[in-house]
Amino acid sequence: MASSFARILSSKRKVGILSLVGAGSLTVGFFLNREQHVNAGAHVRRIYPASAEYPDLRKHNNCMASHLTPAVYAKLCDKTTPNGYTLDLAIQTGVDNPGHPFIKTVGMVAGDEESYEVFADIFNSVIKERHNGYDPCNMKHPTDLDSSKIRGGQFDAKYVLSSRVRTGRSIRGLSLPPACTRAERREVERVVIDALAGLKGDLAGKYYSLTLMNEQEQQQLIDDHFLFDKPVSPLLTCAGMARDWPDARGIWHNNEKTFLVWVNEEDHTRVISMEKGGNMKRVFERFCRGLQEVERLIQEKGWEFMWNERLGYILTCPSNLGTGLRAGVHVTLPRLSKDPRFPKILDNLRLQKRGTGGVDTAAVGNTFDISNLDRLGQSEVQLVQTVIDGLNYLIECEKKLERGQDIKIPAPISQFK
Amino acid sequence: MPFGNTHNNFKLNYSVEDEFPDLTKHNNHMAKVLTQEMYAKLRDKQTPTGFTVDDVIQTGVDNPGHPFIMTVGCVAGDEESYEVFKDLLDPVISDRHGGYKATDKHKTDLNFENLKGGDDLDPNYVLSSRVRTGRSIKGYALPPHNSRGERRAVEKLSVEALNSLDGEFKGKYYPLKSMTDAEQEQLIADHFLFDKPVSPLLLGAGMARDWPDARGIWHNENKTFLVWVNEEDHLRVISMQKGGNMKEVFKRFCVGLQRIEEIFKKHNHGFMWNQHLGFILTCPSNLGTGLRGGVHVKLPKLSTHAKFEEILNRLRLQKRGTGGVDTASVGGVFDISNADRIGSSEVDQVQCVVDGVKLMVEMEKKLEKGESIDSMIPAQK
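Listed in order, the protein sequences are those of chains C and S.
Counting from 1, position 91 in the first sequence corresponds to residue 91 in my numbering; the numbering is continuous, with no gaps.
Counting from 1, position 349 in the second sequence corresponds to residue 766 in my numbering; the numbering is continuous, with no gaps.
Worth double-checking, as some hints may not be accurate.
Derived list of chain S stretches under chain C, where covered just means 3 residues or more per stretch with a C-beta under 8 Å from a C-beta of chain C [unchecked claim]: (1) 436-445; (2) 622-634; (3) 656-665; (4) 784-798.
In silico negatives: residues of chain S with every beta carbon more than 10 Å from chain C [stated by the list, open to error]: (5) 424; (6) 549; (7) 638; (8) 668; (9) 735.
Hints listed in this document are in silico derivations from the structure and should not be mistaken for laboratory results.
All figures in this text were calculated on a predicted structure; none of them were measured in a lab.
Where a beta carbon is used, it is the ideal one built from N, C-alpha and C, also for glycine.
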């Protein structure tokens, strides 16, 4: 497939890059090279043939293991991205974590934007499987952050306890958490908090660096459920994402505590808009506004987000490509949740349920976290609308069951609109 | 984690200040030695296999340490690491090994006949005896850095060497990834099975990558000679038995090691060794002999004596719980072993254990009779 990967860099960004360069014209040339086609870099040092290096994936159950054949491995194993990221690095997390019979993890990560190009032969298959058939070779991903298009989205607080939308953003030109150097990570922090400092009005807020925060600040962040910890999941630690912890990691939030940004956790940034109650429309409006403001602010300094037409927003894990968006609510559905048709209803509405602790947790009482299943192939507006429409249906079902009426399983909605 | 050479060159585009790790809250040997100037000098270097200074220190950056326990905080990725990064590693070695200088020479002595005594430790007190060390196979990168292909090659060569042993050393290899449930149960019951490392010290150095590929356990039929393949080092070699006959344990240890070494040499892959550092292992704490010779010994009275720590110190011994490093003693039984690794030979170190334990058992007996042990307290060795 064609891999021309032209990246537009603003003139100010070039100034930014060159100012990082120390002595030596060699390094200048290295950077200018990156503007053109992706350089499937220098060759990796190899003493053994690919067959001797091919991982033993016979007991593995993750997307990477399902698609990394010896032939694909042999083709890609001695390539590197311009920054030096390799296939072995990308798949290490999947080799080290064979997976679970019930839960199929992705099993690989990107070290930088170019990983998705240089290792497209494996990433595209993984993306296709994870994103239910989305084919990066011949499909385009729509991006739409115009929250005015949302219809409805204000739910009965009797059922919906809280609403939340999250995504991630990566800063173009800097390596991602599995591969970034300490200097790059610190640069991400500088760029992001510089931009966040420019937010005003209801978005004005403050940054709390993990290395510098005092006990009180830490306790407050814990009480607000904002503090993130050093990753313990081997899925993340095996990919090198916890290196140098807690250097250049931190949490920013607005004074109203409704807009929150994590810096340098699993992605360069994770952006979260949230509030108690059922006003998903307002949560999404703030989400879009905040994201667009931040983007404007970083662009003023010559930076931009990683994004392309094929894959949408570029994040560390292939599961978060496209919109990287998870829009969800905590909702109580005491009757519906006990109905045997509940899973099928969710499925057809293209929603997923989680416990109130987030991914891989159990529900408490009858309260569930309900959010969109899909990430790639539909826009932000489309996915949030899906959640809103779906929730309306679920709440209708609950009300029907309250009145002793029967409910119906809805027809499955189409995945790619 | 091992990045390619390209990645290190890319890093050089950033200033030293921007790349230098924040070690202000750290308490390990690496953090005490590494200055920004030193980092600046070493950052553009790499060993022939591509190991860089950031690879060396990553585990120490990720594990700030403990106020009471001083960890090493750095590892070698290959034999040449100790040369290329000597500016950092020599001072770390000196701090860890009681002032061992960059110009010092290490003595290797695996002649078991040079050990005096050791066959008469009272089995009423000394429950078991054990000697372990590690060996690295020349020409291969070490566990923090090796690729799957390299690790498999080490396994293949090691298994070939071990399977050619005969007599009391005749044994069998159990690869971790294909052992049966029954074999696993038996190895656990024998206390032979090692597990995937959980210590962040090891994980931070990339030693658990690709687990359990090319890892395994070999032991002889008598279950007195055991070899771990590709755990924290290429090989960990253990000789052990119940009771107090350290002499026999050490003899088996020396003979077994020398037999294995001969076979590796025939394949042009002898053990990593040099005159200054002795046997080269992954962690600088295990250089020299890499030897820990110890016993499980009952010292309920002596261990509560006010001078216990000082006695151990003077005898150049250390205590651990019966679960090994960082565990507590159970029922007054302690694991007592040599404190030193480099600057004295294998015979010297096991001699320390033999003489020291013999003395401590006598002290214990005295204390049982209600007598004082003040006159027995040894001078500093």
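Status of the hints after comparison with the structure:
no., hint, verdict
1, 436-445, "holds (count 4)"
2, 622-634, "holds (count 5)"
3, 656-665, "violated (count 0)"
4, 784-798, "violated (count 0)"
5, 424, "3 Å, violated"
6, 549, "27 Å, holds"
7, 638, "29 Å, holds"
8, 668, "38 Å, holds"
9, 735, "31 Å, holds"
Hint violations for this structure: numbers 3, 4 and 5, all remaining hints satisfied.
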